[in-house]
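Chains as they are written, first to last, in my numbering: chain F, 33 to 259; chain R, 332 to 611.
Since the hints were derived computationally from the structure, they do not count as laboratory data.
We put the beta carbon where it would ideally sit given N, CA and C, even for glycine.
The reader is advised that the hints may include incorrect statements.
Just the calculated beta-carbon pair ranges, DEER-fashion [what the hints assert, rightly or not]:
| id | chain 1 | residue 1 | chain 2 | residue 2 | range |
| --- | --- | --- | --- | --- | --- |
| 1 | F | 59 | R | 412 | 49 to 59 angstroms |
| 2 | F | 69 | R | 412 | 35 to 45 angstroms |
| 3 | R | 532 | F | 107 | 36 to 46 angstroms |
| 4 | F | 91 | R | 412 | 40 to 50 angstroms |
The calculated lysine to any residue pairs, modelled on SDA-like cross-linking and capped at a C-alpha distance of 20 angstroms, are [stated by the list, open to error]:
| id | chain 1 | residue 1 | chain 2 | residue 2 |
| --- | --- | --- | --- | --- |
| 5 | R | 593 | F | 152 |
| 6 | F | 151 | F | 111 |
| 7 | F | 151 | F | 226 |
| 8 | R | 589 | R | 511 |
| 9 | F | 151 | R | 402 |
| 10 | R | 589 | F | 186 |
| 11 | R | 589 | F | 157 |
| 12 | F | 151 | R | 589 |
| 13 | F | 151 | R | 425 |
| 14 | F | 177 | F | 108 |
| 15 | F | 177 | R | 581 |
| 16 | F | 151 | R | 413 |
| 17 | F | 177 | R | 584 |
| 18 | R | 589 | F | 179 |
| 19 | R | 589 | R | 600 |
| 20 | F | 177 | R | 426 |
| 21 | F | 40 | F | 89 |
| 22 | F | 177 | R | 574 |
| 23 | F | 177 | R | 593 |
| 24 | F | 151 | R | 406 |
| 25 | F | 151 | R | 588 |
| 26 | R | 589 | F | 108 |
| 27 | F | 151 | F | 184 |
| 28 | F | 40 | F | 59 |
| 29 | R | 413 | R | 402 |
| 30 | F | 151 | F | 173 |
| 31 | F | 177 | R | 576 |
| 32 | R | 593 | R | 508 |
| 33 | R | 589 | R | 510 |
| 34 | R | 589 | F | 40 |
| 35 | R | 413 | R | 361 |
| 36 | R | 589 | R | 506 |
| 37 | F | 177 | R | 586 |
| 38 | R | 589 | F | 185 |
| 39 | F | 177 | R | 534 |
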Amino acid sequence: MPSYRVAKEGVSLGVFDIVGQDGGERAFVGHVGLASSTGSHTAARVAVLDMGPPLHGPDAAGTIRADVVGSAALTDDDVQKIRTFIARHANEHRSFLQFGMRELIAAAPEMYAICPHAKPFYEEDGRYARMRFSCAGFVLEAYRKARIRLLDPDALPPVDIAIIRLCYPMQVRLMEEGVISPGDLGLDGDGPWPVLLCGYLFHALDRDGIAVRREAYVPIVEHRHFV
Amino acid sequence: MATTRLTVLEGVVEELPSGKYDAALRTDQGRLVLRGAERSDRLWADSEKGPTIASPASEAIAHLGELAADELLRGLADAGTKAPSRLLCAIEMVRFLPSQREILLPLLWRHILDHRNSNHPDDLVGVAAAIRKYIAMMPMERMGQLAALLESGHRSPVPVDLEIEVAKMIYRNFEVHPPVVADPQPELAHRLWEMARVYIDPRILLRDNYSAVASLAIEAIVAMRSPLAEAAWRAAIASPYRWFAELVTDELDELREKWDRKNLDAAAWLRQLRGSVLAA
Chain F
33 MPSYRVAKEG
43 VSLGVFDIVG
53 QDGGERAFVG
63 HVGLASSTGS
73 HTAARVAVLD
83 MGPPLHGPDA
93 AGTIRADVVG
103 SAALTDDDVQ
113 KIRTFIARHA
123 NEHRSFLQFG
133 MRELIAAAPE
143 MYAICPHAKP
153 FYEEDGRYAR
163 MRFSCAGFVL
173 EAYRKARIRL
183 LDPDALPPVD
193 IAIIRLCYPM
203 QVRLMEEGVI
213 SPGDLGLDGD
223 GPWPVLLCGY
233 LFHALDRDGI
243 AVRREAYVPI
253 VEHRHFV
Chain R
332 MATTRLTVLE
342 GVVEELPSGK
352 YDAALRTDQG
362 RLVLRGAERS
372 DRLWADSEKG
382 PTIASPASEA
392 IAHLGELAAD
402 ELLRGLADAG
412 TKAPSRLLCA
422 IEMVRFLPSQ
432 REILLPLLWR
442 HILDHRNSNH
452 PDDLVGVAAA
462 IRKYIAMMPM
472 ERMGQLAALL
482 ESGHRSPVPV
492 DLEIEVAKMI
502 YRNFEVHPPV
512 VADPQPELAH
522 RLWEMARVYI
532 DPRILLRDNY
542 SAVASLAIEA
552 IVAMRSPLAE
562 AAWRAAIASP
572 YRWFAELVTD
582 ELDELREKWD
592 RKNLDAAAWL
602 RQLRGSVLAA
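Please model the entire structure based on the sequences and the hints provided.
And the structure:
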């Protein structure tokens, strides 16, 4: 199913279609979420289940502007699997909704992951109470649970800090001010790092439906944009 | 670039047909008019374009990240059974030393028992946080204690959101620490099986959140290497909803991959179980 840029004020979506909002530069997809319902929506404000942060689950959907949309023509079975995946994780992020902005920022390393795109927050002995996701990671994992492997996380192109800063300005700023460590973000070493970028998801969906379900897409760095 | 923090004293915000906002505000630093502002409920949406936090960012950290575990512990002890959800959520974020855990665990357990039947959504967020933290820290050999949370027959039903957290955390504990011997907590496995059998019913499974708790209960039973594991997995396979069978099987395949790196005996047992269940 082709992905497309939204050119009108309204957009028609299926539940859990992937919705992208542009970031800092032209056609650069800065954030993604899953459409929370089927139907026609005002493109300027689409209700989504997304890894904001914090994670917006069914009881507290977030809203983003739909600049780009992608669909895998999900079946009812796919939808049930994704719904179950979200139900498994939504509660563990609801705690953050109790916090004010300052506390949320302080808790950033505990709720969000950049690299890898999904990573538990561990207790000392390796047990964990929460999965952390990036926004794209949350979407990728939701589709993986429906047996739709949009991308292979082990085959992501490495990107440098300039691109990561474009995607995650706040986190990089906190890192540079010493508030959080590079390790908190998964950015150990000198880089570059294989970070999952939102735009890749729309290129992965911009294929025929059989290909989308048959094989993971292999993106290049330029696919952080979707024109 | 330094950012400036304004305090809004009063004002009006108008939503436009485009979904954007116009606002006229009186702030502590004068009047402010916003045109075509976009709404965001994300923590760091477009943070390069505008002030999201006070400057410098490091100022923002003092509240939670550096809050001493001791202080949280004292707060919980002082609050008794009336601990606010916010405090429990903060406790969930912090790692505690072994000596602190010994004090924290009974306090969390008391709170869970006292509030698990609450109908107040905010309370339940705190109880859920307490459940996750408690199970993630509790000694593995005491996990049988959790059966009390899954007993039926209470004056009011435990909310399904809490059942999800209990089943999920049991599963995760055994995912990380595969049982060296089979069936380490038989009573707990029985409680999970009772729950799974009810929720897998086609009349219930599609209702909000029940597929999550049913699948997690089955996966937890398998992760405990319970004698009930085969029956539980078969029940998932026998569901009229093929997606549910696939979901459980996929999750258990992931469990086997994780156990392959942790405990070869447990992984071999799971491989054999898979063969037996799927061959039938």
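Hint-by-hint comparison with the structure:
Distance hint for residue 59 of chain F and residue 412 of chain R: a CB-CB separation of about 55 angstroms, consistent with the stated range 49 to 59 angstroms. Distance hint for residue 69 of chain F and residue 412 of chain R: a CB-CB separation of about 39 angstroms, consistent with the stated range 35 to 45 angstroms. For residue 532 of chain R and residue 107 of chain F, the Cβ-Cβ distance of about 23 angstroms falls outside the hinted range of 36 to 46 angstroms, so the restraint is violated. The hinted range of 40 to 50 angstroms is not satisfied by residue 91 of chain F and residue 412 of chain R, whose Cβ atoms lie roughly 26 angstroms apart.
Proposed proximity of residue 593 of chain R and residue 152 of chain F is supported: the alpha carbons are some 17 angstroms apart, at most 20 angstroms. With a C-alpha separation of about 23 angstroms, the suggested pair residue 151 of chain F and residue 111 of chain F falls outside the 20 angstroms cut-off, and the hint is violated. Restraint check: the Cα-Cα separation between residue 151 of chain F and residue 226 of chain F comes to about 14 angstroms, which is no more than 20 angstroms; the hinted pair holds. Distance restraint check for residue 589 of chain R and residue 511 of chain R: the Cα-Cα separation of roughly 15 angstroms lies within the 20 angstroms cut-off, and the hinted pair is therefore satisfied.
For the given pair, residue 151 of chain F sits about 28 angstroms from residue 402 of chain R by alpha-carbon distance, which is inconsistent with the 20 angstroms threshold. Using a Cα cut-off of 20 angstroms, the hinted pair residue 589 of chain R and residue 186 of chain F holds, with the two alpha carbons roughly 17 angstroms apart. Restraint check: the Cα-Cα separation between residue 589 of chain R and residue 157 of chain F comes to about 16 angstroms, which is no more than 20 angstroms; the hinted pair holds. Under the criterion of a C-alpha separation no larger than 20 angstroms, the hint pairing residue 151 of chain F with residue 589 of chain R is consistent with the structure, at around 14 angstroms.
A distance of roughly 17 angstroms separates the Cα atoms of residue 151 of chain F and residue 425 of chain R; the hinted pair therefore holds under the 20 angstroms criterion. For the given pair, residue 177 of chain F sits about 14 angstroms from residue 108 of chain F by alpha-carbon distance, which is consistent with the 20 angstroms threshold. Distance hint between residue 177 of chain F and residue 581 of chain R is fulfilled; the C-alpha atoms sit about 8 angstroms from each other, no more than 20 angstroms. For the suggested pair residue 151 of chain F and residue 413 of chain R, the alpha carbons sit about 33 angstroms apart, so the restraint of at most 20 angstroms is broken.
At most 20 angstroms may separate the alpha-carbon atoms for a hinted pair to count; residue 177 of chain F and residue 584 of chain R meet this at roughly 12 angstroms. For the suggested pair residue 589 of chain R and residue 179 of chain F, the alpha carbons sit about 19 angstroms apart, so the restraint of at most 20 angstroms is met. Distance hint between residue 589 of chain R and residue 600 of chain R is fulfilled; the C-alpha atoms sit about 13 angstroms from each other, no more than 20 angstroms. At most 20 angstroms may separate the alpha-carbon atoms for a hinted pair to count; residue 177 of chain F and residue 426 of chain R exceed this at roughly 30 angstroms.
Distance check on the hinted pair: residue 40 of chain F and residue 89 of chain F sit about 27 angstroms apart at the alpha-carbon level, beyond 20 angstroms; violated. Pair hint residue 177 of chain F plus residue 574 of chain R holds up; C-alpha atoms about 10 angstroms apart against a cutoff of 20 angstroms. Restraint check: the Cα-Cα separation between residue 177 of chain F and residue 593 of chain R comes to about 23 angstroms, which exceeds 20 angstroms; the hinted pair is violated. With a C-alpha separation of about 30 angstroms, the suggested pairing of residue 151 of chain F with residue 406 of chain R is violated against the 20 angstroms cut-off.
For the proposed pair residue 151 of chain F and residue 588 of chain R, the alpha carbon gap of about 16 angstroms is at most 20 angstroms, so the pair holds. Only pairs whose Cα atoms come within 20 angstroms are accepted, and residue 589 of chain R paired with residue 108 of chain F is rejected, the gap being roughly 29 angstroms. Using a Cα cut-off of 20 angstroms, the hinted pair residue 151 of chain F and residue 184 of chain F holds, with the two alpha carbons roughly 16 angstroms apart. The suggested pairing of residue 40 of chain F with residue 59 of chain F holds, with an alpha-carbon distance near 16 angstroms, which does not exceed 20 angstroms.
Our distance criterion of 20 angstroms between C-alpha atoms is met by residue 413 of chain R and residue 402 of chain R, whose separation comes to about 17 angstroms. Pair hint residue 151 of chain F plus residue 173 of chain F holds up; C-alpha atoms about 11 angstroms apart against a cutoff of 20 angstroms. Taking the CA atoms of residue 177 of chain F and residue 576 of chain R, the gap is near 12 angstroms; set against the 20 angstroms cutoff, the hint holds. A threshold of 20 angstroms between alpha carbons decides the hint, and for residue 593 of chain R with residue 508 of chain R the separation of about 8 angstroms falls inside it, so the pair holds.
At roughly 13 angstroms between alpha-carbon atoms, residue 589 of chain R and residue 510 of chain R fall within 20 angstroms of each other, so this suggested pair holds. Restraint check for residue 589 of chain R and residue 40 of chain F: the C-alpha separation of about 46 angstroms exceeds 20 angstroms, so the hint is violated. For the proposed pair residue 413 of chain R and residue 361 of chain R, the alpha carbon gap of about 42 angstroms is over 20 angstroms, so the pair is violated. As the CA atoms of residue 589 of chain R and residue 506 of chain R are separated by approximately 7 angstroms, the hinted pair is consistent with the 20 angstroms bound.
Proximity of residue 177 of chain F to residue 586 of chain R is assessed by CA-CA distance (about 14 angstroms); at most 20 angstroms being required, the pair is judged to hold. This hinted pair checks out: residue 589 of chain R and residue 185 of chain F have alpha carbons roughly 17 angstroms apart, not beyond 20 angstroms. With a C-alpha separation of about 23 angstroms, the suggested pairing of residue 177 of chain F with residue 534 of chain R is violated against the 20 angstroms cut-off.
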